[in-house]
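Take the sequence shown: its position 106, counted from the start at 1, is 106 in UniProt numbering, and no numbers get skipped.
Hints in this document: simulated from the structure, not taken from any laboratory.
Take the hints with a grain of salt, since some may be wrong.
Claimed, not checked - Per label pair, the in silico range of CB-to-CB distance:
#  : residue 1 : residue 2 : range
1  : S160      : D110      : 35 to 43 Å
2  : L105      : K169      : 14 to 22 Å
3  : D45       : K164      : 18 to 26 Å
4  : Q21       : R74       : 27 to 35 Å
5  : K104      : I4        : 37 to 45 Å
6  : D167      : K109      : 19 to 27 Å
7  : N12       : R156      : 20 to 28 Å
8  : L2        : K77       : 31 to 39 Å
9  : D110      : F152      : 27 to 35 Å
10 : Q128      : K164      : 12 to 20 Å
11 : P85       : D173      : 21 to 29 Å
12 : N106      : K159      : 36 to 44 Å
Said to hold, decoys possible - Computed list of lysine-lysine pairs in DSS-like fashion (alpha-carbon distance at most 25 Å, straight line):
#  : residue 1 : residue 2
13 : K109      : K77
14 : K77       : K6
15 : K159      : K6
16 : K51       : K72
17 : K23       : K72
18 : K51       : K77
19 : K72       : K169
20 : K23       : K77
21 : K23       : K104
22 : K163      : K51
23 : K103      : K6
24 : K103      : K72
25 : K164      : K23
26 : K163      : K23
27 : K6        : K23
28 : K103      : K23
29 : K77       : K104
30 : K159      : K169
The C-beta atom is built at its ideal place from N, Cα and C for all residues, glycine as well.
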Amino acid sequence: MLEIFKPTWMVNTIYSVSPAQLKEQGVRAVFSDLDNTLIAWNNPDGTPELKEWMDALREAHIPLIVISNNSKERVGKAVNSLDLPFVSRSLKPLSFGIDRARKKLNLTKDEVVMVGDQLLTDIAAANQAGIRSILVRPLLNTDKWDTRINRFFERRVWKSLNKKYPDLKWQEDLND
């Protein structure tokens with residue numbers, strides 16, 4: 001049961017994961033949560049680091065697709081300036097959104113990775129879909145009200161994960 005919340009990698013920030021590292025792992029597309037993963041939940045413009053990372057992915061021909069539980073209107077508004085495709089109402093921790101995006105790109109499970117800041121939604125959805133995952137630290141220490149509920153339960157899951165998997169450690173990048 002606990003394995004559903006175990007990430008493949010734990011990286012401080014997604015911006016430190018290079019396209020070369022992704023390609024070394026056979027990754028041909030990146031799926032990402034939106035709020036507190038790509039952008040701060042209260043700042044839809046993103047950071048210069050995000051834009052540099054997105055440019056590097058584009059140059060490497062690695063598509064980036066947002067997989068979010070938010071409504072189409074909310075996600076569309078948030079990613080409009082970033083010009084990113086997205087799947088809204090993805091029903092994470094279920095795998096529907098991930099499966100839809102992967103099939104649209106005609107990629108195998110080994111060719112995609114899910115990035116997110118929450119064990120209970122992003123990482124669980126990746127594991128349900130049978131794909132690898134990258135857990136990142138949230139961009140902000142604050143969350144929307146509904147995410148705060150998840151964080152409460154997530155702290156309990158963390159304690160159990162750390163007991164069962166003492167080798168789980170935060171890394172600077174995939175090769176750390």
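message: Please list, smallest to largest, the hint numbers that this structure does not respect.
response: 1, 2, 3, 5, 13, 14, 17, 19, 20, 22, 25, 26
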